[in-house]
Amino acid sequence: MNTAGQRGVRRRPLMIGLLGLLGLGAVTGLALEVPRILSVRPNGPYEELLSGFHDLDAPIVVGHAALTRMPRFEPGEAASRLRKRMGRKSLSQAMRDDADENHMTEVVGWVLPEALVTICALAAIDG
Amino acid sequence: MPAFIDARTVPAGTTIDTDILLIGGGPAGITLAIALADTKARVTLLESGGMEFDAATQALYDGPETGVHYLTLDGSRLRFLGGSTNHWGGWCRPLDKIDFEKRSWLAHSGWPFGRETLEPYYPRAQSLVEAGPPIYDKPEVWSRGAGDAPLTLGNGGVYTTFFQFSKMRGSTLPTHFGERYAEDLKRIENLNLYLNANVTALKLAKDARQLDHVQVATLGGTAFTVRPRITVLCMGAIENARLMLASNDVMTPGVGNGNDLVGRYFADHPIPGETATMVLFDGRLAPYYLNNSDANGVHFRAAFAPSDGFKRERHVLGSLITVDGTRKLGDIGLAVVKAAADALRIDASKARAFNLGCGLEPEPDPERRITLADTRDALGQPRAKLTMRIADADFDRYRRTLSELGRQLMAAGVGVLQIRHKRREDWLAGLDWANHHMGTTRMHVDPKQGVVDADSRVHGIANLFVAGSGVFPTYGASNPTMNLVALSLRLADHLKGALR
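As given, the protein sequences belong to chains A and B, one line each in that order. One point on numbering: in the numbering used here, the residue at position 43 of the first sequence is 62, and numbering is uninterrupted. One point on numbering: in the numbering used here, the residue at position 419 of the second sequence is 590, and numbering is uninterrupted.
Hint data in this document are derived by calculation from the structure and do not stem from the laboratory. Misleading hints may appear alongside valid ones.
[As the list claims (entries may be wrong)] From the derived model, a few chain B residues whose C-beta atoms are all more than 12 Å from chain A:
hint	residue
1	F224
2	K309
3	R472
4	A511
5	A512
6	D513
7	E538
8	K593
[What the hints assert, rightly or not] Label-pair ranges, simulated between beta-carbon atoms:
hint	chain 1	residue 1	chain 2	residue 2	range
9	B	R340	A	S109	56 to 62 Å
10	A	E120	B	D453	21 to 27 Å
11	A	E93	B	A625	57 to 63 Å
12	A	H122	B	E287	46 to 52 Å
13	B	H240	A	H122	25 to 31 Å
14	A	K103	B	K593	30 to 36 Å
15	A	H122	B	D245	38 to 44 Å
16	B	H258	A	K103	56 to 62 Å
17	A	S99	B	N462	35 to 41 Å
18	B	H240	A	R88	53 to 59 Å
19	B	A625	A	K103	34 to 40 Å
20	A	H122	B	T546	20 to 26 Å
21	A	S109	B	E596	40 to 46 Å
22	A	P64	B	E596	38 to 44 Å
Each residue gets a CB set at the ideal place from its N, CA and C atoms; glycine is no exception.
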């Protein structure tokens, strides 16, 4: 076996190993990202409301905190009311409008727009 | 140049005649002495202490307390020339216009005059406290001088306001009136200033319509008399009330106390600790919110305050909200910031959280008061006793202001705010006080509602006046020293007129 042949034999497992690593990385990445992607774009009943967030982890935490102080929170009703109020507005715009119109509420003392708190509560229920 | 007179050297039994007697050498007494220097009146100023702290003299201030936790009565003031300016922080800001107004929703509110009456006296008061040229609420001047713009808030009831700081000539400290003005006082030809001179009684004429003389004692045992044409009590809100109540040989309830008002409506500015957390998404806040800064030759600092319009509309009282350093957020706080910024499509990777503190204005309360204790001091005088209270409504009103600030941060898309206290015990847990003694001899045109009239004269007593923040009927949130100096200058003008 000449030197070139030896090199050819050694290069092949190396390439396979590299491809394997890349594949493993891609699978791991997908495994990590898919739930996040799914959580951002859920196929739940509040999908379009929750689409105002890139990431639902934080809204879910806020939502759980809000729900402890809203024992009679009725998600379907709240979502329907919010949809009516928001119309075609973005969440960002709805939050600023809430602030302008003094539709604010408190979650653990945090002074927050009602739209944001309602959507966080929905995220917590849905998530 | 005449030196000050040590009262311990005055022969016992001496009677000193004078035109104007100032009792107390704090900011009010010293201001009056300076303002009366251009008159021909013989002025006498009696100061209980000397030129510096003395434990035995200071102990005359000691007294019992009941009610809400408060500072000790001998710890919250100083009894030597300069009075409590010897330990003040130097924060200066004029009272707001609304502070003088009668408000239908605030019991016992309303000064006998508006701020315009004090306006002419503020420039000289500003000069006496050495707080630099009066700029205050001109944010464009500060931001130009300091190179940083104030925080942008959404439209609403809270705005950025500015303190200026007293800075004693040649010192980093605020102006200590005794030290700063001692030489000026010695140069005043018509003034005799006695140190170590404690007034132990106000002696009324038999008809109780005139003050006839005062009795003076030293801790060394000397006693003498001063017989003035006009007397001004300048000892601070607690001691003024104490001396009036203790001087009860002609008027049994005490001097000027025919309507049981002397000592009532005592007030101080409560300082609840760490009242709120303000998070700014971009983390940027001009340094003059966080620390005293220098611009335009003035030591200054920014704070947040409710506007007069907001106070009227939402029935809140004054508060001055300061930024007291940064803090770390807990899990929910981090989630709130992340969720809010995400929804607003704002980058919050550099967000910073700040502690908000405050001094707030309490409502007038007749049951928060100074009375006489059963115990006596080294001069045989009954000690002052404080009954301290704070209403839940005071905290509720301040909460409304914080909530408005939170709303405005969100409306501007710059940040978010957390109010940290909800229950009374939360507010009381970290509660401190500002050492701003006010009330006890409140001003009102009606003798049934005030101890002194619009000219600071004790109702019913022709020649007895009270100076200082003890006459404030409502208190505002501003620090009282510069305001009481302005009020003392106004009183000096009145006395000049009375002497003519």
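Cross-check of the supplied hints:
Chain A leaves F224 of chain B outside its interface by the beta-carbon criterion, the shortest separation being 42 Å against a cut-off of 12 Å. At roughly 27 Å, the least C-beta separation between K309 of chain B and chain A is larger than 12 Å, which holds for a residue marked as non-interface. Residue-level check passed: R472 of chain B sits 24 Å from the nearest beta carbon of chain A, beyond 12 Å. The beta carbon of A511 of chain B sits about 6 Å from the closest Cβ of chain A, which is not more than 12 Å, so the claim that it is off the interface is violated.
A512 of chain B, annotated as away from the interface, has a beta carbon of chain A within 12 Å; the closest lies near 9 Å. With a closest Cβ-Cβ approach of about 5 Å to chain A, D513 of chain B is found to fall inside the 12 Å limit, against its non-interface label. Distance check for E538 of chain B against chain A: the nearest CB is about 31 Å away, which clears 12 Å, and the non-interface claim stands. For K593 of chain B, the shortest C-beta to C-beta distance to chain A comes to about 7 Å, within the 12 Å cut-off, and the non-interface label is violated.
As the Cβ distance of R340 of chain B to S109 of chain A is approximately 58 Å, the hint placing it in 56 to 62 Å holds. Here the CB-CB span from E120 of chain A to D453 of chain B is close to 25 Å, well matched to the stated 21 to 27 Å. About 59 Å separates the C-beta atoms of E93 of chain A and A625 of chain B, a value consistent with the hinted range of 57 to 63 Å. H122 of chain A and E287 of chain B have their C-beta atoms about 39 Å apart, which leaves the hinted 46 to 52 Å range violated.
H240 of chain B and H122 of chain A have their C-beta atoms about 38 Å apart, which leaves the hinted 25 to 31 Å range violated. At about 31 Å, the beta-carbon gap between K103 of chain A and K593 of chain B stays in the expected band of 30 to 36 Å. Here the CB-CB span from H122 of chain A to D245 of chain B is close to 51 Å, at odds with the stated 38 to 44 Å. Between H258 of chain B and K103 of chain A the Cβ separation comes to about 60 Å, which falls inside the hinted range of 56 to 62 Å.
Between S99 of chain A and N462 of chain B the beta carbon distance is about 50 Å. The supplied range of 35 to 41 Å is therefore violated. Under the hint 53 to 59 Å, the C-beta atoms of H240 of chain B and R88 of chain A, about 30 Å apart, miss the expected range. Restraint check, A625 of chain B to K103 of chain A: a C-beta distance of roughly 57 Å breaks the suggested window 34 to 40 Å. Checked against the hint of 20 to 26 Å, the pair H122 of chain A and T546 of chain B fails, with Cβ atoms roughly 56 Å apart.
At about 41 Å, the beta-carbon gap between S109 of chain A and E596 of chain B stays in the expected band of 40 to 46 Å. Range check, P64 of chain A to E596 of chain B: Cβ separation about 42 Å, and the 38 to 44 Å hint holds.
Violated hints, in rising order: 4, 5, 6, 8, 12, 13, 15, 17, 18, 19 and 20; the structure is consistent with all others.
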